[in-house]
Amino acid sequence: MSAGSEAEMPPLDDDYRPFYRKLTPFDWGWAAALMVGAFITYFYFSSLMDIYELSILFGTAVGLIVLGWYWKPFRLFMIVVTALTLAGIALYDGDLARGQTNFFLNYLLASQSAILWMCTLYVLATLAYWAGLIARSPFAAQVGTATTWAGSVMGTVGLGVRWRESYLLGPEIGYIPISNLYEVFIQFAVITALLYLYYEQRYRSRAMGGFVLTVITAAVIFLLWYTFGRQGHEIQPLVPALQSWWMKVHVPTNFVAYGAWSIAAMLAVAWLVRDRIERKADGAPVELRLPSLEVLDDIMYKAIALGFLFFTIATVLGAMWAAEAWGGYWSWDPKETWSLITWLCYAAWLHVRLTKGLRGPILAWWAIAGFFITLFTFVGVNMFLSGLHSYGTL
Amino acid sequence: MSQTNPDRRHSRARVVVEFLGSMNLAITLLSALAVASVIGTVLQQNLPYNDYLIKFGPFWFEVFERLGLYNVYAALWFIAVLTFLLISTGVCLWRHTPSMIREMRRYRENVEERSLRHLHSRMELTSPHGTTETTTAASELLQRHGYRVRRRDADGATTLASMAGRSNRLGYIFTHAAIIIICIGGLIDGNLNLKLKEWRGEVVVETRDMPASQVPAESRLPPGATASFRGNVTLPEGITADIVFLNVRDGYLVQELPFAIELVEFRIKYYDTGQPRSYESDVIIHDPELDEPFATTIRVNHPLIHRGYAFYQASFTDGGSDLRLRAVPLIGSGQEPLEFEAKVGDRVPLTTHEGRLHLEVTEFEPINVFPDDETTERRFINFGPSYTFRLRDAAGNAREYINYMLPVRQEARLFFLSGVRETPNEPFRYLHIPADRQHSLNRFLAFRDLLLDQERVTDLTVDFAARSLNEGTAPESIADVALTMRRLVNLFGTGGFDAVIGHINETIPEERRAELSTAFFRVLESTLQMLYLEVLREEGVDFSNGLEDHDAEFFEDAVNAIASLPAYGAPFFLQLLDFDHRQASGLMITRSPGTSTVYFGSVLLMIGIFLMFYVAHRRIWVRITPNGSGSTLLIAGSGSRHRHEFEKEFNRIAGLLQRRVAAPERV
Ligand code: HEM
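First to last, the protein sequences are chains F and P.
Here the first sequence is numbered in the working numbering, starting from 42 and rising by one per residue.
Here the second sequence is numbered in the working numbering, starting from 1445 and rising by one per residue.
Here chain F stands alone, though its shape is the one from the complex (with noise of 0.2 angstroms):
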């Protein structure tokens, strides 16, 4: 190769830097910061934690970084979040009374009002979702991913606060609010709402905002049901059997493959939808905002595979702190076999949709199976069998 021809040619495209190389001062800041939380949190509380609960620290950290790298509206929403759950905490100033004096903590920051308004947030959502689908108005859905977000900071906010509170009950009454029925259904809520906004933004399409809010306003229902009818809303403290670290990573992996695949059978839905509307054309082009069915898909199957994943994570991990807590990684508890038998139905789901043939309307269908049998180990098996599984009977 002469010289010459070698000065020709233009330089590599530097777009194809390695990954760290593009990483702009604010995403260095944004790992800096959580870094530095981390090491706030061990200096503080280091002498409370074990190992594992530091790694847990430590891990999360990590693990939000890089979800703030991938994910660049992650980092506001982690800002406004913390930045509200802190001023929470500050105004309670370590009395819990002031949770009913004090004007921002009454009607916006004490868990209680915070979660009931993304409850609201919610509901609106759905609303401003369906009615940019139906009358066709982007400003409509733009409400609607707005509102998402926000009931989404409101939920986490609701949860921070509320960690703080169950200490100011008593400092050995305190525990990560992710431990009975009525925290893991807020759980569950902010984690497929902000999954599906993930979606929203990777595919650049808002029209199934309506789909997947009508789930989590079906979530929110529960909730004020649950907090109305049942106090479920009250701190209790934890029995012995969920004092443990593993639940910090067990129930919350759970969680993902619980939003991911409630995302999936309501993607199913749509597709449903899509193609019967397109049938019913019979080939003349149909005006939708929805996304090709082909689209539809293709996202559904993401989901079922991100949940399909953490669902697998989540159930070996279970299985290690069950071999921790009673005796033996498999028990054929309840809620362990209908994880299984979840787990099956969407093995069989991804073998399914592998074969040629045996696609379209019988993989949508059976995402939304896959849904209710999720649905009935998540609080079927509570509701209507008995087990070693204590939280949330109802």
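Bear in mind the hints are in silico, worked out from the structure with no lab data behind them.
Hints are all accurate, no fakes.
Computed spacing ranges between beta-carbons, pair by pair: (1) P:Asn-1515 - F:Leu-89: 42 to 48 angstroms; (2) F:Leu-265 - P:Glu-1783: 54 to 60 angstroms; (3) F:Tyr-61 - P:Lys-1713: 45 to 51 angstroms; (4) F:Val-336 - P:Glu-1556: 30 to 36 angstroms; (5) P:Asp-2022 - F:Val-77: 58 to 64 angstroms; (6) F:Tyr-85 - P:Asn-1468: 56 to 62 angstroms; (7) P:Val-1648 - F:Thr-82: 57 to 63 angstroms; (8) F:Leu-329 - P:Glu-2091: 22 to 28 angstroms; (9) F:Ser-87 - P:Arg-2103: 52 to 58 angstroms; (10) F:Leu-265 - P:Ala-1856: 37 to 43 angstroms; (11) P:Lys-1713 - F:Ile-262: 35 to 41 angstroms.
Computed footprint of chain P on chain F, listed as stretches where at least three residues anywhere in the stretch have a Cβ under 8 angstroms from a Cβ of chain P: (12) 208-215; (13) 278-284; (14) 342-350; (15) 355-365; (16) 369-381; (17) 385-393.
Below, in silico cross-link-like pairs of lysine-lysine (DSBU-like), each with a Cα-Cα straight-line distance of 30 angstroms or less: (18) F:Lys-113 - F:Lys-343; (19) F:Lys-289 - F:Lys-343; (20) F:Lys-289 - P:Lys-1713; (21) P:Lys-2092 - F:Lys-63; (22) P:Lys-1499 - P:Lys-1639; (23) F:Lys-343 - F:Lys-63; (24) F:Lys-113 - P:Lys-2092; (25) F:Lys-343 - P:Lys-2092.
Ideal placement from N, C-alpha and C gives every residue a C-beta, glycine not left out.
Use these hints to put chain P with the ligand onto chain F, whose structure you have.
Frame of chain F; chain P with the ligand shown alone:
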């Protein structure tokens, strides 16, 4: 894998393998396993066989037993489905692994131009640069994108074959191998070995209830006889055990341990709400292989692992607490209270007015914390120790009671509480006996005794009648009134208000009932008051200025308590005087040597699934042919998954290549 095999003899085996490794079978088996698992969750597993018999009746009990539904996951048919899935996965793995590995290793640099033109993603370029430069440029670009490149020169053309993300194929192997590894680990830890021993008649399941030391040798397993087991033992404080009970269907086996475990103390710590905060057992392990015994604590979520044996805090019960009891008679006066000792779990024969009864002490609770109903604040009060017992009559009928040791404050008054119920499903109905100023039962018992003391009641009522009636009333009328008083007190004392009402209904014609019953109740009330004042007088209470609140309320409460005695059903009130609490800790002891295999498989599974979903195996070929002084490039590619993402990447790489090699014309 050979694509064609003309040998006919192999073809049947081929069909079987084909079938076993087919995706449709896999889907069917996955679904079948899911459905089969449902059964075990709908039907509660491993209950005592009697429970099933009661639930289903003899016919269905038999049918379900044959189908193995009481322990589905150990039933042959269930294991068969599982085995089939394993075989199918194994066959699938065996059939696909060679091609997967080939896919990972081969770059396909000898691909034909024709095949490239069939690929979905492709692009053609011409460049003024010679083949050497374009080849270098393309190769560099591909490498920058993480592709590994192979080069082949043939037929006057240069082919760059490159690929990335080949570990995706490894994901397939990992995932499916993991399933097999996990199942093997599970099998090691399952009870298959025990089943074999049972089939061969080496062990016999014991169903009789007997002390462990008397269990015959054929129902005992020496240490190491089974690689894995899961059993339970209940250890009272101060007791040492070197055995574990393995539940098998409706019986058990005794597994011996190579060392002994002693329970020193079992502790429950509580939150201020009274909910348990931790369960802990202080134990000592006596192991002949150790120089000296070692002490440790087992907690929920913190098991002890010693020589491959794991000890878990599973449950607790009473280990035979000693209770000092006093039976205070409630029916018939003049009986002395009886004091005696009983242990929780004991059956004590008692002779009473109403014949022989058996006292069965079932439970003892040292604390009972309840939310304080009398404030809206979050406050809790401890009612103190309680114990439950059953009183069984000669016919075998029993009522269940719960008694609190200390008087409990309710609406600012103190009561001795005793709950009673006929069946375990109903809530307790409580008898409230008021406590006197000394927090004792004495005043209540004195009042009660007086009511039942015929002689004294006669004297007092005659006296009372004489005092309350106008002077000059005929002695016969006084006697009449006194008699009525006595009769009413007697009726009330033995049968409560019901007996009084029954008497009124029997003796008085209907038209006068309303009017007279009011009068009767007024008489009863004032007589009871008179008797109560008599009790106070004997106690030495000065009530010349009227009754104090406490004494007035006491009267009301005592009358209510006496009124509800007939429904209480026990001829005595069993008072707890003192106790010596002794607990027993329920430990689960397991050995599961397959655990590390299962964990290894699980890690493999998670990695495998990640690789399958998030790493895509992509290939890009660049075929460069000389074209005058320049060259022609055919770029083509294919990706194993995520078509959209691959197409984007392909277009970018091809676009960059175009900018680079075709640049001079554009500049
Ligand atoms: C519990 C059992 C099994 C599990 C959990 C499992 C899991 C999976 C998963 C997660 C995938 C990836 C699907 C995707 O890429 O969308 C996959 C692919 C596949 N599975 Fe299974 N599988 C199981 C049993 C089987 C069996 C019994 C067979 C035999 C026919 C089989 C054959 C395959 C094949 C051929 C693929 C496609 C691999 C590829 O081309 O990338 N699997 N499996």
